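Protein sequence lines correspond, in order, to chains A and B.
The opening residue of the first sequence carries number 1 in my numbering; numbering runs sequentially from there.
The opening residue of the second sequence carries number 1 in my numbering; numbering runs sequentially from there.
In case anyone wonders, no lab produced these hints; they're calculated from the structure.
Only a predicted model underlies this, so the values are computations on that prediction, with no experimental measurement involved.
Please note that the accuracy of each hint is not assured.
Unchecked claim - Estimated spans, in silico, between C-beta atoms of each pair:
{"#": "1", "chain 1": "B", "residue 1": "Val13", "chain 2": "A", "residue 2": "Ser29", "range": "31 to 37 Å"}
{"#": "2", "chain 1": "B", "residue 1": "Ser37", "chain 2": "A", "residue 2": "Val19", "range": "25 to 31 Å"}
{"#": "3", "chain 1": "B", "residue 1": "Lys88", "chain 2": "A", "residue 2": "Pro73", "range": "52 to 58 Å"}
{"#": "4", "chain 1": "A", "residue 1": "Leu132", "chain 2": "B", "residue 2": "Phe54", "range": "53 to 59 Å"}
Beta carbons: idealized from backbone N, C-alpha and C, even for Gly.
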Amino acid sequence: VEIDGLLIYALVAILLLVVSVVLFRKGTSSSPEVVAEEPPGGIGQLDVTSLRLAERIFDSSDRDWLRKELCFPEAAVVLERHRKALAIQWLKNLRNSFKEFVRTPEHPAEAFVAQNAPSSLELLALTLRFHLLINYALLIVSLFGPYHRMIPILGTVRSVQRLGAWKAGFDQVSTGQTP
Amino acid sequence: MSPVSLAILVLGVGLEAALIARALVTGITQKFPILYSYIAFVLCCEGIGALTFFFFRVHYANVMWFYWVARTLAEFGVLVGVSDSIFKPYPTIRFIGRLIVGATCVAFVLLFAIPLDWNPQPSPVVFLNLEKFSALTKGVAIFGLLASARSYRIPLGRNAGGILLGLAAYQTVSMANFAAAGQFGRTIYADILSWLAPLSFGICLIIWTFTLWNPDPVLQPRVEATGAPGLAPDRPEFQLRRFSTFVTRLLWK
Numbered sequence: 001v002e003i004d005g006l007l008i009y010a011l012v013a014i015l016l017l018v019v020s021v022v023l024f025r026k027g028t029s030s031s032p033e034v035v036a037e038e039p040p041g042g043i044g045q046l047d048v049t050s051l052r053l054a055e056r057i058f059d060s061s062d063r064d065w066l067r068k069e070l071c072f073p074e075a076a077v078v079l080e081r082h083r084k085a086l087a088i089q090w091l092k093n094l095r096n097s098f099k100e101f102v103r104t105p106e107h108p109a110e111a112f113v114a115q116n117a118p119s120s121l122e123l124l125a126l127t128l129r130f131h132l133l134i135n136y137a138l139l140i141v142s143l144f145g146p147y148h149r150m151i152p153i154l155g156t157v158r159s160v161q162r163l164g165a166w167k168a169g170f171d172q173v174s175t176g177q178t179p
Numbered sequence: 001m002s003p004v005s006l007a008i009l010v011l012g013v014g015l016e017a018a019l020i021a022r023a024l025v026t027g028i029t030q031k032f033p034i035l036y037s038y039i040a041f042v043l044c045c046e047g048i049g050a051l052t053f054f055f056f057r058v059h060y061a062n063v064m065w066f067y068w069v070a071r072t073l074a075e076f077g078v079l080v081g082v083s084d085s086i087f088k089p090y091p092t093i094r095f096i097g098r099l100i101v102g103a104t105c106v107a108f109v110l111l112f113a114i115p116l117d118w119n120p121q122p123s124p125v126v127f128l129n130l131e132k133f134s135a136l137t138k139g140v141a142i143f144g145l146l147a148s149a150r151s152y153r154i155p156l157g158r159n160a161g162g163i164l165l166g167l168a169a170y171q172t173v174s175m176a177n178f179a180a181a182g183q184f185g186r187t188i189y190a191d192i193l194s195w196l197a198p199l200s201f202g203i204c205l206i207i208w209t210f211t212l213w214n215p216d217p218v219l220q221p222r223v224e225a226t227g228a229p230g231l232a233p234d235r236p237e238f239q240l241r242r243f244s245t246f247v248t249r250l251l252w253k
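Please model the complete structure; the sequences and the hints are all you need to start from.
Quick look at the structure:
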């Protein structure tokens, strides 16, 4: 058992060293010019078109239309499968665009002009937040598909909100105020 | 001290002196001030250690203990310095290296350092375990830095990459070495430890000598034609928030 412990440390050491050598070779072999010439595979400019495309991909109305109105459940299943692949691709492209944006170096003049810019820690927090969100979204889409509710508790929250709004309206009516 | 370990020690001192002398010529010390402070510190402490060993042998163990603690902490500082030089040009992830090193440090303290048996007179096994865990932590931190740079496709550069590779070689050999020392005990492993420990740092110094001999050229950042700098829509926090808003809208559907 004691030799096993030593063996584990030796294996971890070898693994860390090999991985470090591989990452070093990859990190030093790609010059910035090569990185810039790589196909971006991202969404590019974040605009309304990109968002509309995403909303279309994640919208289940087409599937419901196929299934319920046209009564083609098999076609609906195929569509859902295709939309799932599209959704995953869209999310990965968004992540690639994000990484492309992150690795754009700061121009010295920009650093000088932006006096009231947020600190690097705030920017890092925003970066980590995006990674958390995108990885969560990718996990949910990979496991359950693009039409699954991403935040399971959201339905309950909305019900509570509706209940609160209904209760407020009821209170106003009972006290004689116009809602 | 065996002739082998003495030869390795002399080689190490020679390499440290050569690294510092070359850095003063090329001016690379400005790029990696913490690293060169560390090398100078090690060089001075080796000199002080040698003097203590030959003239004040009674205090040798205490001197080496303080040296070891300071050096272990300084190596975390070297990692922070290198990570700063890698991620500095990228404002949104400028502190990601510090976060990685800090998180591994906290994990090291919580998982390894605190649970050790800290009696008033801790046994040598405790120190060996501490050294082993410290090397493991630094190895994981180096992996985290390299993987993070790779994930964003950030060019490492020969200098910064070489520093991390040298440290990786040093820490991984140290980890296996101290694990074996704790396992086999002083009677079996003391001789091997006496030359393998300086050899692991010697390997690191050889890698540093090759990769730091010539400084990397300073690359000018790309200028994006997206408008004048400082305008609100181009500022990174707006872009970052826009990315998060995209995903948040999907999550809250």
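### Query
For which of the previously enumerated hints does the structure constitute a violation, in increasing order of number?
Checked against the structure, no hint fails, so every one of them is satisfied.
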